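Q: Residues per chain, in single letters:
Protein chains: 2
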Amino acid sequence: MPGSSNTNRQGWPQDVGIIAMEVYFPSQYVEQSQLEAFDGVSAGKYTIGLGQSKMGFCSDREDINSLCLTVTQKLMERNKLSYNEIGRLEVGTETLIDKSKSTKTVIMQLFKESGNSDLEGVDNTNACYGGTAALLNSINWVESSAWDGRYALVVCGDIAIYASGNARCTGGAGAVAMLIGSNAPLVFDRGVRSSHMEHAYDFYKPDMSSEYPVVDGKLSIQCYLHALDKCFERFTTKAMAAGLRPNNSTLDMGDAFCFHAPYGKLVQKSFARILLNDFLRDGNPDFKGRYAGLEAFKDINLEDTYFDKSVETATMQASKDLFEKKTRPSLLISNQVGNMYTPSVYAGLASYISSQSSSSIAGKRAILFSYGSGLSATMFSMRFSDNKTSGGALDNLVKSLSDLKDRLNARQCLAPVDFDSIMKLREQTHHLAPYTPVGSINVLAPDTWYVTEIDNMHRRKYECKSGSSVAAGDSTGVKQTSSQTGGRVNVATQS
Amino acid sequence: MPGSSNTNRQGWPQDVGIIAMEVYFPSQYVEQSQLEAFDGVSAGKYTIGLGQSKMGFCSDREDINSLCLTVTQKLMERNKLSYNEIGRLEVGTETLIDKSKSTKTVIMQLFKESGNSDLEGVDNTNACYGGTAALLNSINWVESSAWDGRYALVVCGDIAIYASGNARCTGGAGAVAMLIGSNAPLVFDRGVRSSHMEHAYDFYKPDMSSEYPVVDGKLSIQCYLHALDKCFERFTTKAMAAGLRPNNSTLDMGDAFCFHAPYGKLVQKSFARILLNDFLRDGNPDFKGRYAGLEAFKDINLEDTYFDKSVETATMQASKDLFEKKTRPSLLISNQVGNMYTPSVYAGLASYISSQSSSSIAGKRAILFSYGSGLSATMFSMRFSDNKTSGGALDNLVKSLSDLKDRLNARQCLAPVDFDSIMKLREQTHHLAPYTPVGSINVLAPDTWYVTEIDNMHRRKYECKSGSSVAAGDSTGVKQTSSQTGGRVNVATQS
Numbered sequence: 024m025p026g027s028s029n030t031n032r033q034g035w036p037q038d039v040g041i042i043a044m045e046v047y048f049p050s051q052y053v054e055q056s057q058l059e060a061f062d063g064v065s066a067g068k069y070t071i072g073l074g075q076s077k078m079g080f081c082s083d084r085e086d087i088n089s090l091c092l093t094v095t096q097k098l099m100e101r102n103k104l105s106y107n108e109i110g111r112l113e114v115g116t117e118t119l120i121d122k123s124k125s126t127k128t129v130i131m132q133l134f135k136e137s138g139n140s141d142l143e144g145v146d147n148t149n150a151c152y153g154g155t156a157a158l159l160n161s162i163n164w165v166e167s168s169a170w171d172g173r174y175a176l177v178v179c180g181d182i183a184i185y186a187s188g189n190a191r192c193t194g195g196a197g198a199v200a201m202l203i204g205s206n207a208p209l210v211f212d213r214g215v216r217s218s219h220m221e222h223a224y225d226f227y228k229p230d231m232s233s234e235y236p237v238v239d240g241k242l243s244i245q246c247y248l249h250a251l252d253k254c255f256e257r258f259t260t261k262a263m264a265a266g267l268r269p270n271n272s273t274l275d276m277g278d279a280f281c282f283h284a285p286y287g288k289l290v291q292k293s294f295a296r297i298l299l300n301d302f303l304r305d306g307n308p309d310f311k312g313r314y315a316g317l318e319a320f321k322d323i324n325l326e327d328t329y330f331d332k333s334v335e336t337a338t339m340q341a342s343k344d345l346f347e348k349k350t351r352p353s354l355l356i357s358n359q360v361g362n363m364y365t366p367s368v369y370a371g372l373a374s375y376i377s378s379q380s381s382s383s384i385a386g387k388r389a390i391l392f393s394y395g396s397g398l399s400a401t402m403f404s405m406r407f408s409d410n411k412t413s414g415g416a417l418d419n420l421v422k423s424l425s426d427l428k429d430r431l432n433a434r435q436c437l438a439p440v441d442f443d444s445i446m447k448l449r450e451q452t453h454h455l456a457p458y459t460p461v462g463s464i465n466v467l468a469p470d471t472w473y474v475t476e477i478d479n480m481h482r483r484k485y486e487c488k489s490g491s492s493v494a495a496g497d498s499t500g501v502k503q504t505s506s507q508t509g510g511r512v513n514v515a516t517q518s
Numbered sequence: 024m025p026g027s028s029n030t031n032r033q034g035w036p037q038d039v040g041i042i043a044m045e046v047y048f049p050s051q052y053v054e055q056s057q058l059e060a061f062d063g064v065s066a067g068k069y070t071i072g073l074g075q076s077k078m079g080f081c082s083d084r085e086d087i088n089s090l091c092l093t094v095t096q097k098l099m100e101r102n103k104l105s106y107n108e109i110g111r112l113e114v115g116t117e118t119l120i121d122k123s124k125s126t127k128t129v130i131m132q133l134f135k136e137s138g139n140s141d142l143e144g145v146d147n148t149n150a151c152y153g154g155t156a157a158l159l160n161s162i163n164w165v166e167s168s169a170w171d172g173r174y175a176l177v178v179c180g181d182i183a184i185y186a187s188g189n190a191r192c193t194g195g196a197g198a199v200a201m202l203i204g205s206n207a208p209l210v211f212d213r214g215v216r217s218s219h220m221e222h223a224y225d226f227y228k229p230d231m232s233s234e235y236p237v238v239d240g241k242l243s244i245q246c247y248l249h250a251l252d253k254c255f256e257r258f259t260t261k262a263m264a265a266g267l268r269p270n271n272s273t274l275d276m277g278d279a280f281c282f283h284a285p286y287g288k289l290v291q292k293s294f295a296r297i298l299l300n301d302f303l304r305d306g307n308p309d310f311k312g313r314y315a316g317l318e319a320f321k322d323i324n325l326e327d328t329y330f331d332k333s334v335e336t337a338t339m340q341a342s343k344d345l346f347e348k349k350t351r352p353s354l355l356i357s358n359q360v361g362n363m364y365t366p367s368v369y370a371g372l373a374s375y376i377s378s379q380s381s382s383s384i385a386g387k388r389a390i391l392f393s394y395g396s397g398l399s400a401t402m403f404s405m406r407f408s409d410n411k412t413s414g415g416a417l418d419n420l421v422k423s424l425s426d427l428k429d430r431l432n433a434r435q436c437l438a439p440v441d442f443d444s445i446m447k448l449r450e451q452t453h454h455l456a457p458y459t460p461v462g463s464i465n466v467l468a469p470d471t472w473y474v475t476e477i478d479n480m481h482r483r484k485y486e487c488k489s490g491s492s493v494a495a496g497d498s499t500g501v502k503q504t505s506s507q508t509g510g511r512v513n514v515a516t517q518s
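Protein sequence lines correspond, in order, to chains A and B.
Just so you know, we're using the working numbering here: the first sequence kicks off at 24 and counts up by one.
Just so you know, we're using the working numbering here: the second sequence kicks off at 24 and counts up by one.
Chain A extracted, bound-state conformation (with noise of 0.2 Å):
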């Protein structure tokens, strides 16, 4: 048990926060310079334009079940996790292929065998924001009244495809899950997290038929910053009022920023716009140093500069050497799996993570951005423990994330014209009943879980390859199959 129950206590558990990480993507990818040419695009327009080499892609041996089945095993396994001590499971998603039934229920059937089902938790749904409400969800249960002790369990997962077309080199897939409870090595600031909520059609999925989405492109990044510069001025406000922003800054309260990524290059303009903003609350701007070039811009209005290349490139000109040391790093995997929705800015807190060694990242705050269209956004913090002890929670989050890059150069490299193949195959299939996949098992990673079969009533079944597991969990190489309910199938009277 990770903590004791709060039945008797006086005030919230201790440090509440991320106690382990796993990151899933797939074992297949595309380079973006090749797909340049194959889609004659000048050479550039993806790698340099959007900061993007790689894309990750799944065929249609998978789908958002088993993208969670398998992170979230891969996350007990590793962490030599019982499933009893699991208390709450929920999911953020926007890649629905059911309007009913939750990605939740099916991943219930990795809890089976334990004998556990009173874990509260369903799946959250607001484009790459769910992954968001389910972690503040789960960060809320362990500080109520309702926590028995248990950890919560946030999984979340996307497979990101567009049409093919221009924005087809924005998509990504993988799946994030995160173990939550008290004592953790990462933990949330309290009083400071800020949202920002509100009707748009910027990115939306109205054919429910199909896997594409229906985009306004410059409404989008409109609306990202908007929403970027919302979340700014509420979350600094309540930094101020908890004592958390030094030196008349926000930017100096983060050693990390983790940013909703699209693409590399709007996170790089939102770190510049964080800049912007502190310029624009202080009384006093240092025109000779952190301000440089920004004279010009001092009575501007946020709200006119979404699309002002002059600010653009004199904020991204300032902020350049604390963008390289403050976010970059955190860009690892959106640069080479792509925009992975949900997961996204969890991603790209595991790129960091992946980028220190305990002792560095000890004592460090970071600030995320989360951003989900239609929308949804919020910024908060989190400190990293002060803890460097080897084999502590610090050090055995900070080592479980060590082998993403070895994990990322394992995957296999298919052509362009091989991509478009399965992007049409999965076009083509999405939502077929009955179904059999014919995507490769071998090129699987071990452990991966997989789509079996979909039956005539579309009740999809998996199994998991077998191979060498990620740690000496109990179901290292062994075959799971699925339970499955059958029974009758007749049209009546539920829901």
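Because the hints were derived from the structure by calculation, they are not lab data.
Fair warning: this is a prediction, and the values are worked out from it, not measured in the lab.
Honestly, I wouldn't trust all of these hints.
The list treats identical chains as one, so a pair stands whether inside a single copy or across any two.
Pairs of lysine-lysine, DSSO-like flavour, derived with a Cα cap of 27 Å [what the hints assert, rightly or not]:
#1 LYS77 x LYS411
#2 LYS343 x LYS288
#3 LYS311 x LYS68
#4 LYS135 x LYS348
#5 LYS241 x LYS484
#6 LYS447 x LYS103
#7 LYS77 x LYS241
#8 LYS348 x LYS387
#9 LYS135 x LYS241
#10 LYS387 x LYS343
#11 LYS484 x LYS253
#12 LYS77 x LYS447
Add chain B to chain A, keeping to what the hints say.
A: Below, chain B alone, put in the same frame as chain A:
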């Protein structure tokens, strides 16, 4: 402000629970007895067999967003609340019209004028359970360090419709909004809520382009009753530990029992099953009193009895009087409107409250069972305040629901043939874009939001029908047009 901030507090706020409720149901209904004749089934099949009298339905003028806009605005106006007093807003629904954009963000249009956009929470999805997930999240939030003293608003809504045939009579539609905070007149019991979550394909919606579910009728009943048994077992164990279960009976612990209600007859069977569970745990059952007629069943296994007619008949007989007292009043809306999906169990709670006066309800305890296929289920309990002062919080809650019967009686009855035409129109136009709804606006109740247009990009516009308001709120009688984010539409790069 409903309460002070948690920031410097020891422990949790007092009396966290439901402060106000609002129920919305469609203005039109069909008589189940007439539907029996129209469908060519034997008289009594729907009315006696299922226990349903009337079924509400929506034309193409209403969708999930409009239902939630209507019930939210009604709750705000009836309780004379400012939109700045809300600090959290989340939605539960399984009536998805977009895979990505949440209904929560559409409701944010009502908040626009207030400038308040710092509200956590998105949409919760798992069949009929999403509203309960939203409610429990909101209770946790009020108890967490993130609570800033403002109210949480929980909105659940659904349009439940089935393909023509023997399941169509189990449809319904509606929405419920609940205001959550401290010092509430209906207080959540702490430490007792109990869940059962499991993978099942009992009722689900894998055909994303259709409004109709896939249902395994027999399996869905088995799943519901099994989840009830599991939740009963855990809830009872926790209630005993909390000293809340008197007389060795969970049935005696609750003055009211509200169930998720697909149809009345299943609820009656479920109430009987509570008695059966109590009975099987009773070391010394009173066969001359409560358990008369159950002698033969002392050694049965619960899992063998889901479709055992003799057990069902005996337990329904033994629990008949208690059912009439403790559960029948909660079936008013279920009987008159049908299955609302996510709002169902809360429409049950509202129905129960509307059957009482503040004097008769003070100090009583309600036990709720929420079920969503797939599956997720939770049992929890709440206690009504002892303070029955006229004009007090409890009195306000009770009085605000006292018009339910009048509102149900004010609806318009349509002939089955006209109902059938409206269902056909929904089926043919579901997800069409562009589309202009043709349903009558005249038939809608005052202050109902409705769809005016779906443009070629699937963007939906809504207006509110002006008229006498439910209360003297600021926006009474003012025709409101939802703000619409326009902008050039091009496919690009975001989420």
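Q: All hints are to be evaluated individually against the structure, with a verdict given for each.
A: Results of checking the hints against the structure:
{"no.": "1", "hint": "LYS77 x LYS411", "verdict": "neither (34 Å within a copy, 66 Å between copies)"}
{"no.": "2", "hint": "LYS343 x LYS288", "verdict": "within (12 Å within a copy, 67 Å between copies)"}
{"no.": "3", "hint": "LYS311 x LYS68", "verdict": "neither (34 Å within a copy, 83 Å between copies)"}
{"no.": "4", "hint": "LYS135 x LYS348", "verdict": "neither (45 Å within a copy, 38 Å between copies)"}
{"no.": "5", "hint": "LYS241 x LYS484", "verdict": "between (40 Å within a copy, 21 Å between copies)"}
{"no.": "6", "hint": "LYS447 x LYS103", "verdict": "neither (40 Å within a copy, 54 Å between copies)"}
{"no.": "7", "hint": "LYS77 x LYS241", "verdict": "within (24 Å within a copy, 48 Å between copies)"}
{"no.": "8", "hint": "LYS348 x LYS387", "verdict": "within (13 Å within a copy, 60 Å between copies)"}
{"no.": "9", "hint": "LYS135 x LYS241", "verdict": "between (46 Å within a copy, 22 Å between copies)"}
{"no.": "10", "hint": "LYS387 x LYS343", "verdict": "within (20 Å within a copy, 63 Å between copies)"}
{"no.": "11", "hint": "LYS484 x LYS253", "verdict": "between (44 Å within a copy, 25 Å between copies)"}
{"no.": "12", "hint": "LYS77 x LYS447", "verdict": "within (19 Å within a copy, 47 Å between copies)"}
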